[in-house]
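Asks: Sequence:
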Amino acid sequence: MITIRDVAKQAGVSVATVSRVLNNASSSEKARLAVQSAVKKLGYSPNANAQALASQNTDTIGVVVTDVTDSFFAILVKAVDQVAAEYGKNILIGIGYHHIEKERNAIETLLRKRCSCLVVHSKALSDEELKNYLDQVPGMVIINRSIAGYEHRCVSLDNQRGTFLATETLIKLGHKKIGYIGSNHLINDEVERKQGYLTALSQYGLPIIDDASIQNSPDFEGGEAAMVDLLSYHSDLTAVVAYNDNMAAGALSVLHENNINVPRQFSVIGFDDMPIARHIVPKLTTIRYPIDLMANYAAKLALSLVNENVDTPIHTQFNPTVVRRFSTDICIK
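Numbered per my numbering, the sequence shown spans residues 514 to 846.
The set of hints was computed from the structure by calculation and includes no laboratory data. There may be inaccurate statements among the hints.
The calculated lysine to any residue pairs, modelled on SDA-like cross-linking and capped at a C-alpha distance of 20 Å, are [what the hints assert, rightly or not]:
| hint | residue 1 | residue 2 |
| --- | --- | --- |
| 1 | K813 | Q595 |
| 2 | K690 | D742 |
| 3 | K644 | A738 |
| 4 | K644 | Y557 |
| 5 | K644 | V528 |
| 6 | K796 | D742 |
| 7 | K626 | A597 |
Taking CB as the label site, the calculated pair distances span [as the list claims (entries may be wrong)]:
| hint | residue 1 | residue 2 | range |
| --- | --- | --- | --- |
| 8 | K591 | H611 | 19 to 27 Å |
| 9 | H665 | Y600 | 18 to 26 Å |
| 10 | H612 | H769 | 33 to 41 Å |
By construction, the Cβ of each residue, glycine as well, lies at the ideal position given by its N, Cα and C atoms.
Full structure from sequences and hints, please.
Replies: See the structure below:
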(Lines of atoms letter the chains of each structure in order from A and count residues from 1; the text may use other names and numbers.)
(Lines give C-alpha, C1' and ligand atoms only; values in the text may rest on other atoms or scores of the structure.)
Protein backbone atom coordinates (compact mmCIF):
# COMPACT_ATOMS: atom_id res chain seq x y z
CA MET A 1 0.00 0.00 0.00
CA ILE A 2 1.35 3.42 -1.00
CA THR A 3 1.64 5.66 2.05
CA ILE A 4 2.09 9.37 2.65
CA ARG A 5 5.75 8.68 3.47
CA ASP A 6 6.26 7.19 0.01
CA VAL A 7 4.85 10.39 -1.50
CA ALA A 8 7.15 12.52 0.65
CA LYS A 9 10.20 10.50 -0.43
CA GLN A 10 9.23 10.68 -4.10
CA ALA A 11 8.63 14.43 -3.91
CA GLY A 12 11.74 15.13 -1.85
CA VAL A 13 9.82 16.90 0.90
CA SER A 14 8.75 16.17 4.47
CA VAL A 15 5.63 14.26 5.47
CA ALA A 16 4.32 17.46 7.04
CA THR A 17 4.65 19.26 3.71
CA VAL A 18 2.73 16.51 1.92
CA SER A 19 0.00 16.74 4.55
CA ARG A 20 -0.26 20.52 4.08
CA VAL A 21 -0.55 20.18 0.31
CA LEU A 22 -3.19 17.43 0.53
CA ASN A 23 -5.23 19.54 2.95
CA ASN A 24 -4.90 22.70 0.83
CA ALA A 25 -2.93 24.46 3.55
CA SER A 26 -0.26 27.05 2.80
CA SER A 27 2.81 25.69 1.00
CA SER A 28 5.25 26.84 -1.67
CA GLU A 29 4.33 26.45 -5.32
CA LYS A 30 7.42 24.27 -5.84
CA ALA A 31 6.43 21.92 -3.03
CA ARG A 32 2.81 21.80 -4.18
CA LEU A 33 3.80 20.80 -7.72
CA ALA A 34 6.30 18.21 -6.46
CA VAL A 35 3.72 16.61 -4.19
CA GLN A 36 1.02 16.60 -6.85
CA SER A 37 3.44 14.98 -9.32
CA ALA A 38 4.43 12.31 -6.77
CA VAL A 39 0.79 11.58 -5.93
CA LYS A 40 -0.04 11.09 -9.61
CA LYS A 41 3.06 8.98 -10.33
CA LEU A 42 2.56 6.68 -7.34
CA GLY A 43 -1.22 6.51 -7.62
CA TYR A 44 -1.57 7.56 -4.00
CA SER A 45 -5.11 7.86 -2.65
CA PRO A 46 -5.24 9.60 0.75
CA ASN A 47 -7.58 8.23 3.37
CA ALA A 48 -10.65 10.41 3.05
CA ASN A 49 -11.65 10.03 6.68
CA ALA A 50 -8.20 10.89 8.00
CA GLN A 51 -7.87 13.78 5.58
CA ALA A 52 -11.15 15.25 6.74
CA LEU A 53 -10.17 14.86 10.36
CA ALA A 54 -6.85 16.58 9.78
CA SER A 55 -8.66 19.79 8.87
CA GLN A 56 -11.63 19.57 11.22
CA ASN A 57 -11.59 19.67 15.00
CA THR A 58 -14.58 18.36 16.95
CA ASP A 59 -15.45 17.73 20.57
CA THR A 60 -15.07 13.96 20.58
CA ILE A 61 -12.13 11.75 21.56
CA GLY A 62 -12.05 8.30 19.98
CA VAL A 63 -10.73 5.35 22.00
CA VAL A 64 -9.80 2.01 20.44
CA VAL A 65 -9.39 -0.89 22.88
CA THR A 66 -9.21 -4.65 22.62
CA ASP A 67 -12.15 -5.69 24.81
CA VAL A 68 -14.21 -3.46 27.12
CA THR A 69 -15.19 -6.47 29.27
CA ASP A 70 -11.54 -6.74 30.40
CA SER A 71 -10.93 -4.62 33.52
CA PHE A 72 -7.59 -3.41 32.09
CA PHE A 73 -9.38 -1.72 29.19
CA ALA A 74 -12.25 -0.55 31.37
CA ILE A 75 -9.71 1.37 33.47
CA LEU A 76 -8.12 2.76 30.29
CA VAL A 77 -11.46 3.99 28.96
CA LYS A 78 -12.44 5.51 32.30
CA ALA A 79 -9.18 7.48 32.49
CA VAL A 80 -9.66 8.87 28.98
CA ASP A 81 -13.27 9.75 29.78
CA GLN A 82 -12.18 11.67 32.88
CA VAL A 83 -9.78 13.75 30.78
CA ALA A 84 -12.48 14.29 28.14
CA ALA A 85 -14.89 15.54 30.81
CA GLU A 86 -12.21 17.87 32.18
CA TYR A 87 -11.97 19.55 28.77
CA GLY A 88 -15.68 19.48 27.97
CA LYS A 89 -15.49 16.65 25.45
CA ASN A 90 -17.13 13.25 24.93
CA ILE A 91 -15.68 9.89 23.95
CA LEU A 92 -16.57 7.23 21.40
CA ILE A 93 -15.26 3.68 21.75
CA GLY A 94 -14.15 1.21 19.08
CA ILE A 95 -13.23 -2.42 19.81
CA GLY A 96 -10.47 -4.31 17.99
CA TYR A 97 -10.39 -7.80 19.61
CA HIS A 98 -6.74 -8.32 18.53
CA HIS A 99 -7.99 -8.64 14.92
CA ILE A 100 -6.56 -6.69 11.97
CA GLU A 101 -9.83 -5.96 10.21
CA LYS A 102 -11.67 -5.12 13.43
CA GLU A 103 -8.92 -2.74 14.57
CA ARG A 104 -8.85 -1.05 11.18
CA ASN A 105 -12.62 -0.78 11.09
CA ALA A 106 -12.67 0.66 14.62
CA ILE A 107 -10.25 3.43 13.66
CA GLU A 108 -12.04 4.16 10.37
CA THR A 109 -15.42 4.31 12.09
CA LEU A 110 -14.16 6.78 14.69
CA LEU A 111 -12.68 8.92 11.93
CA ARG A 112 -15.99 8.94 10.09
CA LYS A 113 -17.57 10.15 13.33
CA ARG A 114 -15.15 13.11 13.14
CA CYS A 115 -13.33 12.39 16.39
CA SER A 116 -10.88 15.22 16.93
CA CYS A 117 -8.25 12.90 18.37
CA LEU A 118 -7.70 9.21 19.01
CA VAL A 119 -6.15 7.10 21.76
CA VAL A 120 -5.49 3.77 20.07
CA HIS A 121 -4.62 0.41 21.62
CA SER A 122 -3.68 -1.71 18.62
CA LYS A 123 -1.83 -5.01 18.60
CA ALA A 124 -2.86 -6.52 15.26
CA LEU A 125 -2.19 -3.68 12.78
CA SER A 126 1.34 -3.40 11.41
CA ASP A 127 3.70 -0.57 12.30
CA GLU A 128 3.48 0.66 8.70
CA GLU A 129 -0.28 0.98 8.72
CA LEU A 130 -0.29 2.72 12.08
CA LYS A 131 2.44 5.09 10.84
CA ASN A 132 0.21 5.98 7.91
CA TYR A 133 -2.65 6.84 10.28
CA LEU A 134 -0.31 8.81 12.54
CA ASP A 135 0.93 10.82 9.56
CA GLN A 136 -2.58 11.74 8.50
CA VAL A 137 -4.29 12.15 11.89
CA PRO A 138 -2.52 14.86 13.91
CA GLY A 139 -4.30 14.00 17.16
CA MET A 140 -3.67 10.25 17.19
CA VAL A 141 -1.70 8.67 20.05
CA ILE A 142 -0.76 4.99 20.44
CA ILE A 143 -0.95 3.40 23.89
CA ASN A 144 0.71 0.19 25.13
CA ARG A 145 2.99 0.07 22.08
CA SER A 146 6.02 1.97 20.80
CA ILE A 147 6.56 2.66 17.10
CA ALA A 148 10.00 3.70 15.85
CA GLY A 149 10.10 7.32 14.78
CA TYR A 150 6.86 8.13 16.60
CA GLU A 151 7.95 7.58 20.19
CA HIS A 152 6.75 11.08 21.14
CA ARG A 153 3.20 9.97 20.26
CA CYS A 154 3.39 6.54 21.91
CA VAL A 155 2.78 5.71 25.56
CA SER A 156 4.08 2.32 26.65
CA LEU A 157 5.53 0.28 29.50
CA ASP A 158 8.57 -1.99 29.58
CA ASN A 159 6.85 -5.40 29.67
CA GLN A 160 10.14 -7.26 29.73
CA ARG A 161 11.29 -5.32 32.77
CA GLY A 162 8.00 -6.17 34.49
CA THR A 163 8.31 -9.95 34.24
CA PHE A 164 12.01 -9.71 35.01
CA LEU A 165 11.07 -8.05 38.32
CA ALA A 166 8.39 -10.68 38.94
CA THR A 167 10.80 -13.57 38.38
CA GLU A 168 13.57 -11.85 40.33
CA THR A 169 11.19 -11.41 43.27
CA LEU A 170 10.57 -15.17 43.34
CA ILE A 171 14.25 -15.99 42.96
CA LYS A 172 15.15 -13.76 45.90
CA LEU A 173 12.60 -15.68 47.97
CA GLY A 174 14.62 -18.83 47.26
CA HIS A 175 12.60 -20.30 44.40
CA LYS A 176 14.69 -22.14 41.83
CA LYS A 177 12.05 -24.02 39.84
CA ILE A 178 9.74 -21.36 38.42
CA GLY A 179 7.14 -21.80 35.70
CA TYR A 180 5.58 -19.25 33.36
CA ILE A 181 1.93 -19.00 32.27
CA GLY A 182 1.64 -16.92 29.11
CA SER A 183 -0.88 -15.67 26.56
CA ASN A 184 -1.55 -17.55 23.33
CA HIS A 185 -2.23 -14.26 21.51
CA LEU A 186 0.46 -13.52 18.93
CA ILE A 187 1.32 -10.05 20.23
CA ASN A 188 4.49 -8.30 21.39
CA ASP A 189 3.30 -8.16 25.00
CA GLU A 190 3.55 -11.94 25.29
CA VAL A 191 6.95 -12.07 23.58
CA GLU A 192 8.33 -9.36 25.85
CA ARG A 193 6.87 -10.76 29.08
CA LYS A 194 8.15 -14.26 28.41
CA GLN A 195 11.57 -12.84 27.55
CA GLY A 196 11.70 -10.98 30.87
CA TYR A 197 11.07 -14.27 32.69
CA LEU A 198 13.77 -16.06 30.68
CA THR A 199 16.27 -13.22 31.12
CA ALA A 200 15.87 -13.29 34.90
CA LEU A 201 16.44 -17.06 35.01
CA SER A 202 19.55 -16.69 32.86
CA GLN A 203 20.94 -13.74 34.82
CA TYR A 204 20.61 -15.61 38.11
CA GLY A 205 22.06 -18.83 36.68
CA LEU A 206 18.88 -20.90 36.90
CA PRO A 207 18.06 -23.55 34.27
CA ILE A 208 15.22 -23.14 31.76
CA ILE A 209 13.03 -26.16 32.48
CA ASP A 210 11.41 -28.04 29.61
CA ASP A 211 7.63 -27.60 29.44
CA ALA A 212 7.66 -25.08 32.30
CA SER A 213 6.27 -22.38 30.01
CA ILE A 214 2.63 -22.83 28.96
CA GLN A 215 0.49 -20.54 26.80
CA ASN A 216 -3.30 -20.29 26.86
CA SER A 217 -6.04 -17.69 26.56
CA PRO A 218 -5.21 -14.64 28.73
CA ASP A 219 -8.19 -15.01 31.06
CA PHE A 220 -9.23 -16.93 34.19
CA GLU A 221 -10.06 -20.10 32.24
CA GLY A 222 -6.77 -19.93 30.37
CA GLY A 223 -4.91 -19.61 33.65
CA GLU A 224 -6.70 -22.66 35.00
CA ALA A 225 -5.88 -24.76 31.92
CA ALA A 226 -2.24 -23.65 31.88
CA MET A 227 -1.78 -24.42 35.57
CA VAL A 228 -3.27 -27.89 35.09
CA ASP A 229 -0.75 -28.50 32.31
CA LEU A 230 2.14 -27.25 34.44
CA LEU A 231 1.20 -29.56 37.31
CA SER A 232 0.88 -32.44 34.85
CA TYR A 233 4.40 -31.86 33.56
CA HIS A 234 6.08 -30.97 36.84
CA SER A 235 5.49 -31.89 40.46
CA ASP A 236 8.53 -29.99 41.72
CA LEU A 237 7.75 -26.42 40.63
CA THR A 238 7.48 -24.04 43.56
CA ALA A 239 6.34 -20.84 41.86
CA VAL A 240 4.84 -19.39 38.70
CA VAL A 241 4.87 -16.03 36.91
CA ALA A 242 1.60 -15.27 35.11
CA TYR A 243 1.05 -13.10 32.03
CA ASN A 244 -1.70 -11.17 33.81
CA ASP A 245 -3.76 -11.16 37.00
CA ASN A 246 -6.69 -13.05 35.45
CA MET A 247 -4.44 -15.96 34.52
CA ALA A 248 -2.85 -15.83 37.97
CA ALA A 249 -6.31 -16.06 39.55
CA GLY A 250 -7.07 -19.14 37.44
CA ALA A 251 -3.79 -20.70 38.54
CA LEU A 252 -4.63 -20.04 42.20
CA SER A 253 -7.98 -21.80 41.75
CA VAL A 254 -6.31 -24.95 40.41
CA LEU A 255 -3.70 -24.96 43.16
CA HIS A 256 -6.46 -24.70 45.77
CA GLU A 257 -8.40 -27.54 44.16
CA ASN A 258 -5.26 -29.70 44.37
CA ASN A 259 -4.72 -28.89 48.06
CA ILE A 260 -1.51 -26.97 47.34
CA ASN A 261 -1.25 -24.14 49.83
CA VAL A 262 -0.42 -20.67 48.53
CA PRO A 263 1.95 -19.22 49.56
CA ARG A 264 3.33 -21.82 52.02
CA GLN A 265 3.87 -24.51 49.36
CA PHE A 266 3.64 -22.53 46.14
CA SER A 267 4.02 -18.86 45.14
CA VAL A 268 2.14 -17.04 42.37
CA ILE A 269 2.80 -13.58 40.97
CA GLY A 270 0.63 -11.78 38.41
CA PHE A 271 0.91 -8.75 36.14
CA ASP A 272 -1.22 -5.56 35.78
CA ASP A 273 -2.47 -5.01 39.36
CA MET A 274 -6.13 -5.13 38.38
CA PRO A 275 -8.92 -4.98 41.02
CA ILE A 276 -9.14 -8.80 41.08
CA ALA A 277 -5.63 -8.89 42.59
CA ARG A 278 -6.91 -7.26 45.77
CA HIS A 279 -10.03 -9.40 46.17
CA ILE A 280 -8.96 -13.00 45.56
CA VAL A 281 -7.65 -15.20 48.37
CA PRO A 282 -4.80 -14.92 49.02
CA LYS A 283 -4.43 -11.36 47.77
CA LEU A 284 -2.18 -11.45 44.73
CA THR A 285 1.40 -10.24 44.56
CA THR A 286 1.66 -8.65 41.13
CA ILE A 287 3.39 -6.16 38.84
CA ARG A 288 1.73 -2.75 38.75
CA TYR A 289 0.87 -1.62 35.22
CA PRO A 290 -0.17 2.04 35.66
CA ILE A 291 -2.66 2.02 32.78
CA ASP A 292 -4.78 4.69 34.48
CA LEU A 293 -1.87 7.14 34.59
CA MET A 294 -0.76 6.19 31.09
CA ALA A 295 -4.24 6.64 29.60
CA ASN A 296 -4.61 10.00 31.35
CA TYR A 297 -1.31 11.11 29.83
CA ALA A 298 -2.20 9.74 26.39
CA ALA A 299 -5.55 11.57 26.30
CA LYS A 300 -3.99 14.89 27.30
CA LEU A 301 -1.22 14.40 24.76
CA ALA A 302 -3.76 13.70 21.99
CA LEU A 303 -5.72 16.85 22.89
CA SER A 304 -2.58 18.98 22.95
CA LEU A 305 -1.66 17.83 19.43
CA VAL A 306 -4.83 19.35 17.93
CA ASN A 307 -5.61 22.19 20.33
CA GLU A 308 -3.03 24.88 21.03
CA ASN A 309 -4.97 25.87 24.16
CA VAL A 310 -4.21 22.51 25.78
CA ASP A 311 -0.73 22.33 27.28
CA THR A 312 1.39 19.39 26.20
CA PRO A 313 1.73 17.20 29.32
CA ILE A 314 5.21 16.81 30.72
CA HIS A 315 6.54 13.44 29.58
CA THR A 316 6.73 10.93 32.39
CA GLN A 317 8.58 7.63 32.24
CA PHE A 318 6.14 4.94 33.29
CA ASN A 319 7.76 2.00 35.03
CA PRO A 320 6.53 -1.40 36.25
CA THR A 321 6.75 -1.91 40.01
CA VAL A 322 6.27 -4.89 42.32
CA VAL A 323 3.16 -4.86 44.53
CA ARG A 324 3.73 -7.33 47.37
CA ARG A 325 0.70 -9.04 48.85
CA PHE A 326 0.13 -12.57 50.16
CA SER A 327 0.51 -15.01 47.24
CA THR A 328 4.32 -15.19 47.47
CA ASP A 329 6.56 -16.40 50.29
CA ILE A 330 9.96 -17.92 51.00
CA CYS A 331 10.50 -21.27 49.32
CA ILE A 332 10.50 -24.13 51.81
CA LYS A 333 11.54 -26.94 49.46
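Asks: To test your reading of the hints: which numbers does this structure violate?
Replies: Hint check: 3, 6 fail, others pass.
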